[in-house]
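As they're listed, the protein sequences go chains A and B. Per this note's numbering, residue 65 is the first one in the first sequence, and the count goes up by one each step. Per this note's numbering, residue 65 is the first one in the second sequence, and the count goes up by one each step.
Read the hints as simulated data drawn from the structure, not as lab findings. Since the model is a prediction, treat every value here as computed from it, not as a measurement. Among the hints, a few may not be true.
Same chains, same names: a pair is fine if it fits in one copy or spans any two.
In silico lysine to aspartate or glutamate, EDC-like type, Cα no more than 16 Å apart, as pairs [unchecked claim]:
no.	residue 1	residue 2
1	K71	E409
2	K71	E125
3	K225	E409
4	K225	D377
5	K415	D387
6	K71	E255
7	K71	D387
8	K225	E151
9	K415	E237
10	K71	D390
11	K425	D171
12	K71	D389
13	K425	E397
14	K221	D350
15	K221	E125
There are 2 protein chains.
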Amino acid sequence: MPENNLKPGSTIGILGGGQLGRMLAVAAAELGFRCHIYCPDGESPAFDVAAARTVASYENEAALAAFAGSVDVITYEFENVPATTAEFLSDQVAVLPGVRALAASQDRLSEKELMRSLGIDVAPFAAVDSLNDLEAALERLGRPAILKTRRFGYDGKGQVKIMPGDDAAAAYEALGHRPAVLEGFISFAREVSALVVRGRGGETAVYDITENVHRNHILHTSTVPAAIRPETAAEARALGIRIAEALDYVGLLAVEMFLVEEGTSERLVVNEIAPRVHNSGHWTQDGAGASQFENHIRAIAGWPLADTRRHSDAVMTNLIGADADDWHALAAEPGARLHLYGKAESRPGRKMGHVNRISRKRG
Amino acid sequence: MPENNLKPGSTIGILGGGQLGRMLAVAAAELGFRCHIYCPDGESPAFDVAAARTVASYENEAALAAFAGSVDVITYEFENVPATTAEFLSDQVAVLPGVRALAASQDRLSEKELMRSLGIDVAPFAAVDSLNDLEAALERLGRPAILKTRRFGYDGKGQVKIMPGDDAAAAYEALGHRPAVLEGFISFAREVSALVVRGRGGETAVYDITENVHRNHILHTSTVPAAIRPETAAEARALGIRIAEALDYVGLLAVEMFLVEEGTSERLVVNEIAPRVHNSGHWTQDGAGASQFENHIRAIAGWPLADTRRHSDAVMTNLIGADADDWHALAAEPGARLHLYGKAESRPGRKMGHVNRISRKRG
């Protein structure tokens, strides 16, 4: 039995109280763990399934210290946990997947440089710290191109597309002159993701590659099996493992990729990584031996990883805003597994739940 | 959409805070419900996954009234909730599966009389309210026989076997002269159970019949498929539905039966019913479309029932007392799905968790 592993009954601290924290807490409870959720928002859905809650800001050192003192390991459900918060906590107790993975994913520039250092393709990019930088970058990368803030972007926030004829200064203005990255436009056939889990002892497992469709920059569906050649899928899995190993990662890592078709061949371009359980892995709750949530908890607890094999074909569809009003019809639909997050208020664009439509494995 | 159904975000009250309450709360959370657990024991495992908790006795009317006022429906995880408590609460809010089902299952004599009135076989029995009654009953039913208290028995508690030569007075003494029932001995080949779920609209579904093995009066394993003829299985399912309908039952009902072999034919004898989710249904978490916990929650919430079909063969093994110390090996075992209840203290005879061993469906 490895030294680092947590006994049942131990307490897992989770930074962030959204639906990912909620599903992590449920998975942890099924293995006999207690969860303590730390979140600034007193109305967090994860509070409803946790043994303990702290409502405080990520800068409140007294609250953070008390939290760290009450738990046996800390993880997070979103990558924008301030690095200073993670470092402060990690003086007291292990913070996993790790401060390094957080840092790499919080800054689009570092993230791309890491990929490049690992020999992994990313879209052509250039750092933008001034309007001059932006104009030079547009010259080099061409249009259309996408200007993205280096930090704190998600679900399409903090980015603007620059088309031929668009005013570069207006785009720079739109992002508030923040440090940014310009990305060249990638003409991709499909978006896919790799969900890798890596244990405390370095062992890894990867779920089947997932094909993702976005609407309005928000994930709409994830489908397994993905329409991808076996050799490209193998490459996507290997690439995910390479990133996890480079970051000495512990837990579940999501790698979002573009699948580019060039003549008869396929090529993968990494778009971004998320150092946490991921919306594109929700199908694993009903389509795989063990869910991404369970495997994340097992990994950070130092437990053996559980079966990542897909036993069914699956299509996960997010329920955004008013989509969740159809809960009664979804609850009655054969083969549909409904998951709702218990959010009190439905707002446009808000993720309220998801449904996994499961069918016999063919692919 | 039926009138009685609860919207996501509603609160489900659960009387009792053990592992059944815990697994019900987790299933409820996955459908977007909040749970409020009411239990006299401040160390209850279900508290760790609930949005709200009340620690108070089942006789505390102020606490009960506040509880009823805070929830949209009430259910229970054990059948020994005092009938007065259930009646008190049901003046304020629906208590399901229902006061009638509670009453029927709390008294072995009423239970057997109900079965008989439905034309369902039970072991030969006689009411025992005095030593004279007991002696007359032994004369009529023969030995061995089992003397059971009418109320508050579980896991073999509150019963004593009377063998040829045993002193009847000593047996009566052992049960504290409480109102009892003497049951004739049934020589059965196997024990099986039917798990029936019935919705608010009267619709029913039944899981595959489960074969159960007890050790020291505590459930040891449950196996599906059971070694039972298809026609006997169909009879077991039909009998479960008949009982649920007679009780105007809402939720999951467990019916424990003996399978008696007579020459080449099989006969079913009902042993007892449990008006709640049941240990012999834990395999449904990993072997069926939806678990008994989810279907119980759906039923009491007025939702459509979910798929009860078995997709895999399964053997559920309870982890009693020190069995749970093997958690690391169990967590590493391929095909084994480990469930732990988060109980702080392991005591002999205490249910600490269970493991579902899943394999490809053959039977």
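Within a copy, between copies, both or neither: where do K71 and E409 come within 16 Å Cα-Cα? Answer is between: at 13 Å across copies they meet the 16 Å cutoff, but 37 Å inside does not.
| request: Up to 16 Å between alpha-carbons, please classify K415 paired with E237: within, between, both or neither. | output: Neither, since 29 Å and 62 Å both go past 16 Å.
Could you figure out if K71 and D387 sit no more than 16 Å apart (CA to CA) within one copy, between two copies, both or neither? So K71 and D387 pass the 16 Å test across copies only (14 Å; inside, 40 Å).
Reference check for the pair K71 and E255, CA-CA at most 16 Å: within, between, both, or neither? neither (39 Å within a copy, 35 Å between copies)
- Evaluate K225 and E409 at a C-alpha cut-off of 16 Å and name the case that applies: within, between, both or neither. neither (31 Å within a copy, 58 Å between copies)
Cα distance capped at 16 Å. Does K225 pair with E151 within a copy, between copies, both, or neither? So K225 and E151 fail the 16 Å test inside a copy (34 Å) and across (64 Å) alike.
Point to revise | Identical-chain pair category, K225 with D377, by Cα at 16 Å | key: Neither: 35 Å inside a copy, 53 Å across copies.
Have a look at K425 and D171 and pick one of within, between, both or neither, based on CA distance no larger than 16 Å.
Classified as neither; 38 Å inside a copy, 48 Å across copies.
Alpha-carbon proximity context of K71 and E125, limit 16 Å: Neither: 28 Å inside a copy, 39 Å across copies.
Give the relationship of K415 and D387 under a CA distance limit of 16 Å: within one copy only, between copies only, both, or neither.
within (9 Å within a copy, 41 Å between copies)
Original post:
16 Å Cα cut-off: does K221 pair with E125 within a copy, between copies, both or neither?
Top reply: Intra 29 Å, inter 52 Å, cutoff 16 Å: neither.
Given identical chains, is K221 near D350, meaning Cα to Cα at most 16 Å, within a copy, between copies, both, or neither? neither (30 Å within a copy, 39 Å between copies)
Consistency with the previously given hints fails for numbers 2, 3, 4, 6, 8, 9, 11, 13, 14, 15, ordered from lowest to highest.
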